[in-house]
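**Student:** Residue strings, one per chain:
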Amino acid sequence: MNTRINIGPVHPSTHGVLRLVADIDGDTVLNVEPHIGFLHRGVEKLVENRMYMQSPTYMEKLDYAAPMSYDELYVATVEKAMGVEIKERAQWVRVVLLELQRIASHLLWLGTTANDLGQFFTLFMWTMKDRDIILRLLERASGARMFYMNMRIGGLVQDLPPGFGESAQEVLDYLEKRVKKYEAYLERNPVFVGRTRGVGILNREDAISLGVTGPVLRASGVDYDTRKYNAYYVYGKLSFRPQTRSEGDVFARYKVRMLEMGESIRLVREALDRMPDGDAVGMPVRLITPGAKNREARASRETPRGEGIMYMIADPQKPYRLAIRSPTFVNLAALQHIAKDCRMADVFAILGSLDIVMGDADK
Amino acid sequence: MKTERKELLDSLRGLYSKGYTYLVKIYAIDYVKTLNAIYVVRNLEEMKEEALEVELDPADAWVPSVMRIYKAADWYEREMQEMFAIVIRDRDAERLLLEKWNGTAAPLRKNFAWSEPYEKMG
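Protein sequence lines, in the order shown, are assigned to chains E and R.
Under numbering that gives the first Met the number 0, the residue at position 248 of the first sequence is numbered 247, and the numbers go up by one with no gaps.
Under numbering that gives the first Met the number 0, the residue at position 58 of the second sequence is numbered 57, and the numbers go up by one with no gaps.
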């Protein structure tokens with residue numbers, strides 16, 4: 000007999016205001032349909048009615064678990080529209096900040112997902128504590144704690160404070176040990192392994208046809224990372240390898256993110272070592288206006304959740320149109336396909352492995 | 000790359016057969032005189048991207064569904080229908096995606112009365 004059950008919109012495992020309607024037969028899921036839009040704020044419309052530098056504050060609230068990535072994506076789009084060169088040092092600093100942001104976001108994901116998978120609050124407390132150390136670093140670099148914003152057209156709002164490099168190296172040494180500890184803790188845990196290995200398999204063909212992105216795509220064996228194939232800033236000069244797995248299950252998605260944290264730690268170290276001196280501060284706000292009318296610009300960035308892209312039609316004063324391709328939106332759309340025919344309890348394992356942020360999906 | 004509405008499906012099928020199997024995004028731009036729907040597809044082997052642009056008459060805005068070619072088009076099409084009132088033909092007309100309007104309002108079109116109270120928006 001089929002039963003329809005409703006999960007959310009307020010539920011601890013949906014990571015925000017997401018409503019799932021699941022049709023189940025016994026314990027087998029026949030169909031699960033995500034209902035989104037509870038956090039829809041119409042950011043694309045709001046942006047059309049504001050000056051260029053009034054909008055980053057909306058962008059960072061799209062993905063509130065990785066505000067700096069979106070902030071940077073928007074600023075990069077405006078830079079493309081204006082044809083501005085980014086200062087050399089600013090490019091290195093941006094890479095450092097973005098990779099620190101990626102580690103912080105993955106740590107938050109790890110804690111919440113492990114919580115869903117029966118590890119309860121131990122790991123969550125550990126990862127939140129570690130994430131806080133990174134947030135403190137980002138706070139020093141930007142002056143804000145929750146929505147740390149340090150991107151401005153052509154460079155940064157402010158250069159890194161004195162002693163940032165040394166503190167960051169200490170933090171990275173600490174995090175490297177911690178990430179290894181988490182891996183050892185989880186991968187020897189029969190509950191975690193049992194609930195992730197072979198669960199929610201998404202094969203390569205389906206991953207491409209469903210258009211998933213980021214770690215979800217790479218866990219299905221597609222070697223696509225914007226940092227590598229569409230390299231921006233100084234990623235081309237750094238020794239960076241995209242992390243992929245071929246299994247396509249929940250465990251593979253977990254493993255890709257863990258490996259990415261290690262890769263980010265290496266990237267930040269290398270960038271801090273090789274960072275040139277010089278000026279990194281961007282242009283004054285009053286100068287920000289892309290001269291021509293209807294100028295098209297596009298920027299694509301590897302945010303922690305996947306490839307975020309912004310398409311902008313720029314007018315002299317305001318954006319005429321800004322279309323945002325948000326990674327959570329495409330990954331969440333694939334849930335219906337992945338969760339078909341799995342067990343009811345696995346829906347949350349799969350949902351957790353997609354790393355969703357509802358602000359990002361709803362826009 | 001500009002294309003006509005009646006050639007859209009054939010053009011996309013052609014691109015698909017050339018290896019453009021990954022749909023990146025479907026979005027629309029309201030130029031007031033025309034309403035443009037844009038389909039961005041990517042070839043993951045050669046790392047190339049193509050964008051197909053279809054010009055539509057705002058008074059008669061519809062496009063055929065491309066879901067039979069790209070499964071990923073599902074949510075993008077629903078979002079476009081909701082935000083631009085571009086009707087998607089040849090697919091099951093499911094509920095809208097985000098705001099659940101009654102289907103006549105088009106929040107991202109330029110003539111949208113966004114300072115009106117919610118009840119009057121449509």
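If you're looking for bench data, these hints aren't it; they were derived computationally from the structure.
Hints may be right or wrong, so weigh each one.
Said to hold, decoys possible - Derived lysine-lysine pairs resembling DSSO-like cross-links, with alpha carbons at most 27 Å apart: (1) E:44 to R:1; (2) E:79 to R:109; (3) E:227 to R:17; (4) E:79 to R:1; (5) R:47 to E:79; (6) E:317 to R:17; (7) R:17 to R:109.
**Student:** Okay, which hints does this one fail, numbers in order?
**Tutor:** 6, 7
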